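Asks: Here's the letter readout for the chains.
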Amino acid sequence: MTNIIIVPFSLDEHSFEQIFDQLAPLPPDARVLFDARKTRWASPFGLTALLTVAQTRLERPTLAVPESEDTASYWARAAFFRHAEGVYDLSGKIPRSRTGAESSVLLEVTPVVHTQDVHTVVENIQQRARAILQEKLNLQSKVTMRFTMVLSEICQNVIEHAGTGGWVAVQAYKWQQRLGRNVVQIAVCDAGMGFRKSLESSPAHRPDDRWGDRMALEETVMRGMTRFRDPGRGQGIAGVKNFIGTWNGKLSVRSGTARIAVVPEWDQDEVMKEGLAPFPGAQVQITIPERMPDV
Amino acid sequence: MISHIDVSSVLKRSVCDLYSNLVTRPTGAAVRIGIEHHLDEIGDKSLAVLDFSHVGLLDFSCADEIVAKLLMQYVSVDIPRREVYFVFYGMSESHLDAIEAVLERHDLALVTQLADEPARLMGHVDGEERTAWEKICELGCAGPADIANATGMAPEKAAKTLETLWRRRLVIRQESGYFPVRGVVRQ
Numbered sequence: 000m001t002n003i004i005i006v007p008f009s010l011d012e013h014s015f016e017q018i019f020d021q022l023a024p025l026p027p028d029a030r031v032l033f034d035a036r037k038t039r040w041a042s043p044f045g046l047t048a049l050l051t052v053a054q055t056r057l058e059r060p061t062l063a064v065p066e067s068e069d070t071a072s073y074w075a076r077a078a079f080f081r082h083a084e085g086v087y088d089l090s091g092k093i094p095r096s097r098t099g100a101e102s103s104v105l106l107e108v109t110p111v112v113h114t115q116d117v118h119t120v121v122e123n124i125q126q127r128a129r130a131i132l133q134e135k136l137n138l139q140s141k142v143t144m145r146f147t148m149v150l151s152e153i154c155q156n157v158i159e160h161a162g163t164g165g166w167v168a169v170q171a172y173k174w175q176q177r178l179g180r181n182v183v184q185i186a187v188c189d190a191g192m193g194f195r196k197s198l199e200s201s202p203a204h205r206p207d208d209r210w211g212d213r214m215a216l217e218e219t220v221m222r223g224m225t226r227f228r229d230p231g232r233g234q235g236i237a238g239v240k241n242f243i244g245t246w247n248g249k250l251s252v253r254s255g256t257a258r259i260a261v262v263p264e265w266d267q268d269e270v271m272k273e274g275l276a277p278f279p280g281a282q283v284q285i286t287i288p289e290r291m292p293d294v
Numbered sequence: 000m001i002s003h004i005d006v007s008s009v010l011k012r013s014v015c016d017l018y019s020n021l022v023t024r025p026t027g028a029a030v031r032i033g034i035e036h037h038l039d040e041i042g043d044k045s046l047a048v049l050d051f052s053h054v055g056l057l058d059f060s061c062a063d064e065i066v067a068k069l070l071m072q073y074v075s076v077d078i079p080r081r082e083v084y085f086v087f088y089g090m091s092e093s094h095l096d097a098i099e100a101v102l103e104r105h106d107l108a109l110v111t112q113l114a115d116e117p118a119r120l121m122g123h124v125d126g127e128e129r130t131a132w133e134k135i136c137e138l139g140c141a142g143p144a145d146i147a148n149a150t151g152m153a154p155e156k157a158a159k160t161l162e163t164l165w166r167r168r169l170v171i172r173q174e175s176g177y178f179p180v181r182g183v184v185r186q
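So the sequence lines, in the order shown, correspond to chains A and B. Sequential numbering of the first sequence, starting at 0, is according to numbering that gives the first Met the number 0. Sequential numbering of the second sequence, starting at 0, is according to numbering that gives the first Met the number 0.
None of these hints come from the bench; they were simulated from the model. As the structure is a computational prediction, the values presented were derived from the model and not from experiment.
Straight-line alpha carbon distances no greater than 30 Å define the calculated DSBU-like cross-link-like pairs of lysine-lysine that follow:
(1) Lys196(A) - Lys68(B)
(2) Lys272(A) - Lys37(A)
(3) Lys240(A) - Lys173(A)
(4) Lys68(B) - Lys11(B)
(5) Lys68(B) - Lys44(B)
(6) Lys141(A) - Lys173(A)
(7) Lys92(A) - Lys173(A)
(8) Lys249(A) - Lys173(A)
(9) Lys141(A) - Lys68(B)
(10) Lys173(A) - Lys272(A)
(11) Lys68(B) - Lys240(A)
(12) Lys141(A) - Lys11(B)
Using the sequences and the hints given, assemble the complete structure.
Replies: This is the structure we're talking about:
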């Protein structure tokens, strides 16, 4: 029997919980079809997480691609199908990929498996990041380097902590309804060991009654703890949080059954959510909004 | 002996000749080892100008691997590997962001210099150390008595402060006195 997982009409970090919820009761070897035929929009989180969920299935799942030509075409330009072919059986009409034609895509969906992938990400994004961050988000020129530093650190977390590969994507678009401004979003998703297991692998780890995904996220994201003894570790996430604070951005990290967020004043998200459908690995999203002129 | 080390060239030689960015810990470790090999060849007492002019991006992890771990070997142990002084030359504003973060994390300090600009201290130094260091830069060479006279510090305190600055390799100690650590501006 094939289990049908309905992919939401609009696929972002919040609506993706519907997919996690539908997957949670299924055994890993269950046959699954992800039905995205009616899906019209996906954020970088949506695209990278959709690849990640396929990695967790023991039996290769099927993906019914969006029927909307605009949507499918966009997913193709974001290089989604190029990577989806490796983890899904695809059904439906898949447009020919034309990379580089989409000006809002700062970084197409890109695998992060080895250290050299981080170099590739950094080399590829710098030119486009400069144009979009300055022209669309009114950010100062110096932000480009700092933005790329953040991206580099987030990608390295996948390699160092996940124990498996992940995907990254970066996109700029207008958040008309939610914010009325342009934003740029980074999403990095993996289905690896996640924050809790990463910390548990440290010899210094001493769990107590409160130990779980929530505490693991608080220790790593808020306090910079890592499984390494090296005191120099944990600076990447500190740098990310510093960047988020400076540019009024938002950071959210989902791992296991919990999700933590650094929430700016323009957003009403919850700082901590627990009791989510379990899903391995870590799924990270960063949102940087357009800077409005001082009034 | 003054040795100029182009960090970008070390990156290309040690990791990949297509890379221009210092990102990831393994890359930082490889570049640091490349620099250490270079330092092994230049004698027991030397001034190394680490030139970042041609480096694109430097992320926090790489800064920790290169800058912090290099400094910790040469300045933060009782018996450092050798008497090596460093000038971090040609760093951009974004390089400085990453380096400031790692210096703060490890309570380290270093001397940095941009082209045609005076050397400056970065990182964790107290007020008296900074005052003494700036006075040595101004005077070109100074002993404890000079610093005491110029700053109003007690002579014993001035001597102790200079010794601390030397142990941290922020000034050079010679028989004739203490000298500022600064690079030679390349044409």
